[in-house]
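J.: Turn these sequences into a full structure, and let the hints steer you where they fit.
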Amino acid sequence: MNQPRDSKNEDVNEGIRSHMNEHTSESAAESSRLIDGPAESRANDALVDALLTAHLSETSSMREARLARAFLTLELATSRDETPAELAPIPMRSPRERTRRAFVVRLARAALIALAFGAMFLLFPYETNASTLLDRALTAETSPFSIKGSRRYEVRVALPPREASDRGPNAPTELSGTWDLRGDEARLDLSAGGTRSTTRASSIDGAWERSIDGTVRALDSRELWPRWIEDPSGNSSGGVAIERMDALLRLVQRSYVAVAARAGDESPAELRGSMHIVATRVEAARGPDDIELWIDTKRNVVLAAKLAWQTAPNAERGERARERMSERGGMRDAPPRGDAPPRGDAPPRGDAPPRGDAPPRGDAPPRGERPSARPPSMGDFPPPPPMDDYRPARGMLPPFPPRELVLRRIEPIEFPADHFAMPRL
Amino acid sequence: MHDPTARELFEVLVREHADGLMASIRAGAGRAHADDVFQETVLVAWRRLADYDRTRPFGPWLRGIARLVALDLAGRHRRMQIADPATFDCIERNIAQFERARGDGPEPAMSFRERLVALDDCLSKLPAMYAEVVQATYRETKQLAEVAHAIGGNEELVKKRLQRARAMLAECLRGKAAFADENDGGTEVCA
Numbered sequence: 000m001n002q003p004r005d006s007k008n009e010d011v012n013e014g015i016r017s018h019m020n021e022h023t024s025e026s027a028a029e030s031s032r033l034i035d036g037p038a039e040s041r042a043n044d045a046l047v048d049a050l051l052t053a054h055l056s057e058t059s060s061m062r063e064a065r066l067a068r069a070f071l072t073l074e075l076a077t078s079r080d081e082t083p084a085e086l087a088p089i090p091m092r093s094p095r096e097r098t099r100r101a102f103v104v105r106l107a108r109a110a111l112i113a114l115a116f117g118a119m120f121l122l123f124p125y126e127t128n129a130s131t132l133l134d135r136a137l138t139a140e141t142s143p144f145s146i147k148g149s150r151r152y153e154v155r156v157a158l159p160p161r162e163a164s165d166r167g168p169n170a171p172t173e174l175s176g177t178w179d180l181r182g183d184e185a186r187l188d189l190s191a192g193g194t195r196s197t198t199r200a201s202s203i204d205g206a207w208e209r210s211i212d213g214t215v216r217a218l219d220s221r222e223l224w225p226r227w228i229e230d231p232s233g234n235s236s237g238g239v240a241i242e243r244m245d246a247l248l249r250l251v252q253r254s255y256v257a258v259a260a261r262a263g264d265e266s267p268a269e270l271r272g273s274m275h276i277v278a279t280r281v282e283a284a285r286g287p288d289d290i291e292l293w294i295d296t297k298r299n300v301v302l303a304a305k306l307a308w309q310t311a312p313n314a315e316r317g318e319r320a321r322e323r324m325s326e327r328g329g330m331r332d333a334p335p336r337g338d339a340p341p342r343g344d345a346p347p348r349g350d351a352p353p354r355g356d357a358p359p360r361g362d363a364p365p366r367g368e369r370p371s372a373r374p375p376s377m378g379d380f381p382p383p384p385p386m387d388d389y390r391p392a393r394g395m396l397p398p399f400p401p402r403e404l405v406l407r408r409i410e411p412i413e414f415p416a417d418h419f420a421m422p423r424l
Numbered sequence: 000m001h002d003p004t005a006r007e008l009f010e011v012l013v014r015e016h017a018d019g020l021m022a023s024i025r026a027g028a029g030r031a032h033a034d035d036v037f038q039e040t041v042l043v044a045w046r047r048l049a050d051y052d053r054t055r056p057f058g059p060w061l062r063g064i065a066r067l068v069a070l071d072l073a074g075r076h077r078r079m080q081i082a083d084p085a086t087f088d089c090i091e092r093n094i095a096q097f098e099r100a101r102g103d104g105p106e107p108a109m110s111f112r113e114r115l116v117a118l119d120d121c122l123s124k125l126p127a128m129y130a131e132v133v134q135a136t137y138r139e140t141k142q143l144a145e146v147a148h149a150i151g152g153n154e155e156l157v158k159k160r161l162q163r164a165r166a167m168l169a170e171c172l173r174g175k176a177a178f179a180d181e182n183d184g185g186t187e188v189c190a
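Chains as they are written, first to last, in numbering that gives the first Met the number 0: chain Z, 0 to 424; chain A, 0 to 190.
Calculated directly from the structure, the hints in this document are not laboratory data.
It should be emphasised that the depicted structure is a prediction, and the values quoted were computed from it without experimental measurement.
Among these hints, one or two may not hold up.
Under the rule of at most 25 Å between Cα atoms (straight-line distance), these lysine to any residue pairs were calculated in the SDA-like manner [unchecked claim]:
(1) A/Lys124 x Z/Val405
(2) A/Lys124 x Z/Ser266
(3) A/Lys159 x Z/His54
(4) A/Lys124 x Z/Asp134
(5) Z/Lys297 x A/Glu145
(6) A/Lys159 x Z/Leu55
(7) A/Lys175 x Z/Glu57
(8) A/Lys158 x Z/Thr141
(9) Z/Lys305 x Z/Thr131
(10) Z/Lys297 x Z/Ile412
(11) Z/Lys297 x A/Ala147
(12) A/Lys158 x Z/Glu57
(13) A/Lys124 x Z/Lys297
(14) A/Lys175 x Z/Ser40
(15) A/Lys175 x Z/Thr131
(16) A/Lys158 x Z/Gly36
(17) Z/Lys305 x Z/Glu291
(18) A/Lys175 x Z/Leu55
(19) Z/Lys297 x Z/Val405
(20) Z/Lys297 x A/Gly151
(21) A/Lys159 x Z/Pro37
(22) Z/Lys305 x Z/Arg150
(23) A/Lys158 x Z/Lys305
(24) Z/Lys297 x A/Ala130
(25) A/Lys124 x Z/Thr58
(26) A/Lys158 x Z/Ala307
(27) Z/Lys297 x A/Ile150
(28) A/Lys158 x A/Ala31
(29) A/Lys175 x Z/Asp183
(30) A/Lys124 x A/Arg78
(31) Z/Lys297 x A/Ala149
(32) A/Lys124 x Z/Glu184
(33) A/Lys158 x Z/His54
(34) A/Lys158 x Z/Ile412
(35) A/Lys124 x Z/Glu291
(36) A/Lys159 x Z/Ile412
(37) A/Lys124 x Z/Gly182
(38) Z/Lys297 x Z/Ser266
(39) A/Lys159 x Z/Ile34
(40) A/Lys158 x Z/Ser56
T.: In structure tokens:
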């Protein structure tokens with residue numbers, strides 16, 4: 000396909016190259032079009048190329064803009080065609096006047112186009128921007144090129160105020176550390192007050208944990224992260240969104256209403272100039288009530304994220320949970336279906352272990368690796384309230400959601416090859 | 000109650016067939032002038048609306064105009080590449096089939112966009128080495144050299160992989176009856 004129109008003897012490849020030179024932004028797609036072979040093959044190649052472009056490269060705003068331009072051109076043309084003869088402009092008498100008139104017409108046309116585009120952006124304001132930004136960040140995050148790269152986020156977890164929970168007097172109020180990502184692997188290092196630290200990692204060979212006393216053990220599939228955030232689609236690894244940045248972005252796309260604006264005074268100085276997305280939860284997904292993201296639009300990477308849970312409802316949920324517990328004679332159990340709170344507290348969908356198969360509560364390790372004593376934790380966290388149906392999170396992390404979780408990208412970073420692998424004992 | 004004018008009805012029809020029209024233009028006339036051809040097609044279609052036979056589908060009529068507009072534009076832009084008639088026929092046959100396709104969902108697809116979802120399933124079946132270049136090329140709109148650098152190969156390798164990937168996708172779409180079967184009533188020039 001794409002035979003040169005003027006001469007079939009012309010070098011086709013040269014023709015394509017010169018055609019490309021007209022447009023410096025040609026992509027790999029156009030230059031790879033099939034130019035030899037039967038018509039059927041060339042047609043298939045060209046049409047699949049066109050469908051891929053429409054499906055993967057175009058956004059709805061690009062399509063709308065194209066239609067707006069076409070209809071505006073139609074409007075201008077028909078208004079000219081339909082102008083009654085008596086109102087038709089009087090022919091200009093001199094070339095100078097004709098030039099001036101042409102200039103005025105061009106100016107009017109430019110103004111109309113600007114007006115149409117302005118109206119379009121007023122009609123599709125920030126929601127479209129936020130959606131596009133999320134799309135791009137998600138693409139960059141899941142791209143085979145970017146996921147090979149190493150990413151590190153500084154993590155700060157602000158736990159709920161002591162008054163709002165049943166935690167013991169030794170419980171910390173803040174945890175900090177780093178969250179490292181490389182491909183499908185993740186590693187979270189957290190410490191309280193910079194002294195006691197714990198590590199939790201998902202490597203290609205399996206998940207493992209290092210407790211604050213240095214004990215390292217493999218985690219089985221039932222030992223999940225605390226279910227602070229959950230991707231209701233279950234697409235992310237284990238359905239827990241916090242394990243992966245792409246899962247967090249998908250969660251925002253699916254269950255939150257997001258608006259975007261250029262980061263200004265409301266943002267930390269180092270983030271100003273990036274795009275600031277503020278998302279509010281609207282669906283019954285487990286997760287923070289509000290998520291803020293700062294995205295570098297040049298690289299489409301998430302520079303920072305702030306996830307906030309409202310503490311008061313948590314306290315209320317705790318109260319409700321305690322009431323339910325006392326009604327059931329103090330036995331902790333998962334809530335019955337349909338009894339979940341309407342926003343954000345739905346139990347995990349279908350992937351909760353069956354009751355008879357549920358791992359034991361507490362900090363018991365998997366079979367065959369049972370240590371002699373309960374590993375120390377970062378404070379005396381009580382069991383999670385049953386209302387939330389958090390599955391056992393036998394690690395060091397508190398099972399209930401924090402008040403705030405802040406992520407800040409640190410770069411450049413390069414991890415050692417065995418950074419995510421379980422240390423050999 | 001506001002009665003829609005001919006213009007409003009025309010715009011609804013154009014909007015409904017815009018995706019198929021754009022796919023046809025991109026496939027037959029390339030991307031560089033696709034927007035110009037689209038715009039001119041809408042204008043010509045409006046002016047020739049009296050010629051439209053209402054007993055026949057609007058999409059093929061619109062795409063037929065686009066083909067003539069593209070030919071005309073190619074006459075004015077020497078470097079513009081355009082498909083030969085046989086390829087154009089095959090493109091049209093496949094688009095018409097695509098518009099008849101039921102789609103992958105539980106309900107029959109009602110629009111071109113809904114039918115495009117079938118492509119997702121085909122994309123998910125691509126081997127990783129092909130999926131990688133397709134994602135980089137189309138979703139990330141990377142330049143040829145960038146993709147080549149990223150996969151550690153040269154530009155020819157990228158082109159070959161893209162061509163192979165598109166051939167696999169076409170085969171997959173044919174398997175879903177979204178593309179016409181080569182042996183199923185194809186025109187002589189196309190078969």
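J.: What hint numbers does the structure not satisfy?
T.: Of the numbered hints, 1, 2, 13, 15, 23, 26, 29, 30, 34, 35 and 36 do not hold.
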